[in-house]
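**Q** Residue strings, one per chain:
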Amino acid sequence: MLSHLPILQVILPLLGAPACLILWRPRIAWAFSFFISALAFIISGLLLKQVWQGGEIVYALGGWEAPWGIEYRIDLLNAFLLLIVSGLSTVVLAGARQSVAREIPAEKQTLFYVAWLLCLAGQLGILATGDAFNVFVFLEISSLSTYTLISLSRQREALWAAFQYLIVGTIGATFVLIGIGLMYMMTGTLNMADLAQRLPEVADTRTVFAAYAFIIVGVCLKLALFPLHAWLPNAYTFAPSVVTAFLAATATKVAVYLLIRFSFTVFGKDFSTFDVPLHSIFIGLGLIAVFSASTVAIMQRNIKRAIAYSSVAQIGYMIIGLGLGSVLGLQATLLHLFNHALMKGALFMAMVAMMLRIGGITVDDIAGLGKRMPVTALAFVTGGLSLIGVPLTVGFVSKWYLVSAAFSQGMWLVALLVVLGSLLAVMYIWRLVEIMYFRESPEQAPRGEAPLTVLLPLLLLVLGNIYFGIDTRLPVSVTEAAASSLLVEAYQGVQVGGAK
Amino acid sequence: MELLLDISLLSMLVATAIGIAVSRDLLAAVMLSSIYGLLSANFFVTMDAVDVAFTEASVGAGISPLLMFATLAIVGRFERYPHQRALPALLLVVLTGAMLILATLDIPAFGDPNAPAQTHVAPRFINESGTEIGIPNMVTSVLASYRGFDTFGEVTVVFAAVVGVLALLGSSLPAAGRKLPDTLLQASNHRILRIVSKILVAPIMLFALYVQFHGDYGPGGGFQAGVIFAAAIIIYTMLFGLEAAMKVINVTVLRVLAAFGVLLYGSVGLVAMLNGKNFLDYDALAADPVHGQHYGIIVIELGVGITVAAVMMLIYFAFAGRLIDRSHKS
Numbered sequence: 001m002l003s004h005l006p007i008l009q010v011i012l013p014l015l016g017a018p019a020c021l022i023l024w025r026p027r028i029a030w031a032f033s034f035f036i037s038a039l040a041f042i043i044s045g046l047l048l049k050q051v052w053q054g055g056e057i058v059y060a061l062g063g064w065e066a067p068w069g070i071e072y073r074i075d076l077l078n079a080f081l082l083l084i085v086s087g088l089s090t091v092v093l094a095g096a097r098q099s100v101a102r103e104i105p106a107e108k109q110t111l112f113y114v115a116w117l118l119c120l121a122g123q124l125g126i127l128a129t130g131d132a133f134n135v136f137v138f139l140e141i142s143s144l145s146t147y148t149l150i151s152l153s154r155q156r157e158a159l160w161a162a163f164q165y166l167i168v169g170t171i172g173a174t175f176v177l178i179g180i181g182l183m184y185m186m187t188g189t190l191n192m193a194d195l196a197q198r199l200p201e202v203a204d205t206r207t208v209f210a211a212y213a214f215i216i217v218g219v220c221l222k223l224a225l226f227p228l229h230a231w232l233p234n235a236y237t238f239a240p241s242v243v244t245a246f247l248a249a250t251a252t253k254v255a256v257y258l259l260i261r262f263s264f265t266v267f268g269k270d271f272s273t274f275d276v277p278l279h280s281i282f283i284g285l286g287l288i289a290v291f292s293a294s295t296v297a298i299m300q301r302n303i304k305r306a307i308a309y310s311s312v313a314q315i316g317y318m319i320i321g322l323g324l325g326s327v328l329g330l331q332a333t334l335l336h337l338f339n340h341a342l343m344k345g346a347l348f349m350a351m352v353a354m355m356l357r358i359g360g361i362t363v364d365d366i367a368g369l370g371k372r373m374p375v376t377a378l379a380f381v382t383g384g385l386s387l388i389g390v391p392l393t394v395g396f397v398s399k400w401y402l403v404s405a406a407f408s409q410g411m412w413l414v415a416l417l418v419v420l421g422s423l424l425a426v427m428y429i430w431r432l433v434e435i436m437y438f439r440e441s442p443e444q445a446p447r448g449e450a451p452l453t454v455l456l457p458l459l460l461l462v463l464g465n466i467y468f469g470i471d472t473r474l475p476v477s478v479t480e481a482a483a484s485s486l487l488v489e490a491y492q493g494v495q496v497g498g499a500k
Numbered sequence: 001m002e003l004l005l006d007i008s009l010l011s012m013l014v015a016t017a018i019g020i021a022v023s024r025d026l027l028a029a030v031m032l033s034s035i036y037g038l039l040s041a042n043f044f045v046t047m048d049a050v051d052v053a054f055t056e057a058s059v060g061a062g063i064s065p066l067l068m069f070a071t072l073a074i075v076g077r078f079e080r081y082p083h084q085r086a087l088p089a090l091l092l093v094v095l096t097g098a099m100l101i102l103a104t105l106d107i108p109a110f111g112d113p114n115a116p117a118q119t120h121v122a123p124r125f126i127n128e129s130g131t132e133i134g135i136p137n138m139v140t141s142v143l144a145s146y147r148g149f150d151t152f153g154e155v156t157v158v159f160a161a162v163v164g165v166l167a168l169l170g171s172s173l174p175a176a177g178r179k180l181p182d183t184l185l186q187a188s189n190h191r192i193l194r195i196v197s198k199i200l201v202a203p204i205m206l207f208a209l210y211v212q213f214h215g216d217y218g219p220g221g222g223f224q225a226g227v228i229f230a231a232a233i234i235i236y237t238m239l240f241g242l243e244a245a246m247k248v249i250n251v252t253v254l255r256v257l258a259a260f261g262v263l264l265y266g267s268v269g270l271v272a273m274l275n276g277k278n279f280l281d282y283d284a285l286a287a288d289p290v291h292g293q294h295y296g297i298i299v300i301e302l303g304v305g306i307t308v309a310a311v312m313m314l315i316y317f318a319f320a321g322r323l324i325d326r327s328h329k330s
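Chains A and B supply the protein sequences, listed in that same order.
Residue 1 is where the first sequence starts when you use this note's numbering, and the numbers rise one by one after that.
Residue 1 is where the second sequence starts when you use this note's numbering, and the numbers rise one by one after that.
I should point out that these hints are in silico values taken from the structure, not numbers from a laboratory.
Do not take every clue at face value.
[To be verified] Straight-line C-alpha distance at most 25 Å; calculated SDA-like pairs for lysine to any residue:
(1) B/Lys247 / A/Glu107
(2) A/Lys108 / B/Ala161
(3) A/Lys108 / B/Ser171
Construct all of the structure, not just a fragment, from the sequences and the given hints.
**A** Rendered as structure tokens:
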């Protein structure tokens, strides 16, 4: 069974979703989806270990070898991301039951878990596959279920937010599909490794240039890269609390992965670095994203919206690392994928707890929260410190690698701006800290912590922020190897589970 | 001759697309989009892509306009807000179009036998699929076996769509025993429509089954069959009312069927795994690999057909139920 791990990872949630719909009772649906997600998490851990010890794993679906069939191809990069996505899904799902029971009408709760499993399966499928068209199919699964998850909120605005995201996301997915079609026309293949071999021959055609452009713009729409980010703040603000925690921790990571995979594996470093001036564009857009989104975040009354804008800014940091185009820069991006999942997971999970107890998430609701919900408030502050990049948290690790990557290439201005961007984060986090600790609670405000089932996942995420800020061995060694294999070594795999 | 056909089809496509874009009357726009689907289907036939044409005819010209009509019955026929003529949006669209034209400058000519799409993976599908899979329709071989996992993903997309619709409108699904007023069905007075459709419904269903099980030999398969089957039920419901349809249809069963089709497809893959092969390797289903392939394709196509048919009906009934909720309130 061990040789089937790559596919089990994806089909467990994929088949779990329809099974969940048949089970129907919400309580069972919750336990079932948590169980499935936890299994996927365990499998991703085993996969990462296998890849770390034995190198790339290739799994031929239907037994048809690539490029005729579809293959799953697990290397360090996607094994690492599979771990992030399935891990965060499991932790958030663990704390989701009460929040879902409160925020979503009873008759829709099962559909919520079905959509969650579909979304998880879609994201894992995008990560695991080595086939460009298969990426599109699973992108559709994850996108459709994401729109559903957002629209399930009780707030009427969520419908509009989901619709806005649906339009933008569909355009993005269509662009990706156009790009894949153009690549197929020029190479006759859909397999990523095969594309990587065959694209260089036709790299100087306008068709391949257009294919790259369509794919990059399409992925950047899903990524919410400035200036294509307009859908994100609404979607995150109005979605049910646990959905925001899940999406913020995983969805953008998958989009960044696609950007890396298409740029460095499929088109190759030479094409995306020399033929297209993409790197300076990425650095520029990343910096604008950091400054504009952080500034907007300072002025928000709804703290969920403030942290959503901060996500746009954090995506900026990831893109800057990518734009540097060096092993160190790419490593900084990959580290930030992991670390940002931890910090946003912790921050939005703290908001799940707040919504559960006080039912609102504006600055007035959280006044004096330090006294009313001390543990949750402290967790929020720790997540905030990590977001700023204070030493001993994961945020510091990412910033450190990003700044040193910029320095090592002599881009001291970029390094300086990255540090200045953190000062803006200090401003929007400090403002919230001040409200929580130095303002009086409104009269008759609800007090008391959220139940343990919510607090434990929250504390786990907060501890993760601190633990991986001190003991950085796992993420640093994995990302280092992944980054250098992407940029230095060739793309080749070990076949498992025999093909014909 | 073919050039003339292409030119006339394409210019009609352009004209229809412009018509859809400028029309303020949404009913007209939906009619035009149905015509657009039919024209594209014709265009695909001239390109010898009959399977794609069949799908486009049944989905683009058939079921999606039906569902859009159901939507219009809820939201009204005319746009409530005037068009906003946004210059930046127009510029973006022009830019995208220019990019697409740029992309076509270097592509191989249409039908070029030396194009990469013809010379790289395609020869194996053409030369070997007869011995490896053993069914005459190569398109089905690629879709259901060589790239069967993509098709599994597509069925899941259809399933994800119904999960979304149920999440938004599920509470309006008509349930058996609930009193359903048929005030909204003006069509019920049209005797000719009713008689013609009564004659047609049974042959349409029979045709759906033919398309379902003949997909290995000719154009067709689960997607088209499911859509056609659902269309028969939907037409019947439109003319004879929801209450009549609810006598034979149970929405809970439909919901289970929608999930069951996906599970059926996946279970074929799981059986292959339990027999020691990779996921969806149909060779493992029988002693003779070609037989295995054949069994596998029949079962997965059935899964596709069941899910697609159940999903289309569920979406329609959710819309129709919503309409009735509305007319109750007003």
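**Q** State for each hint whether it applies.
**A** Verification of the hints:
1. B/Lys247 / A/Glu107: Satisfied, since the Cα-Cα distance of roughly 24 Å is no more than 25 Å.
2. A/Lys108 / B/Ala161: 15 Å, holds
3. A/Lys108 / B/Ser171: Roughly 9 Å between the alpha carbons, so the hint for lysine 108 of chain A and serine 171 of chain B holds.
When the structure is compared with the earlier hints, no violation turns up for any of them.
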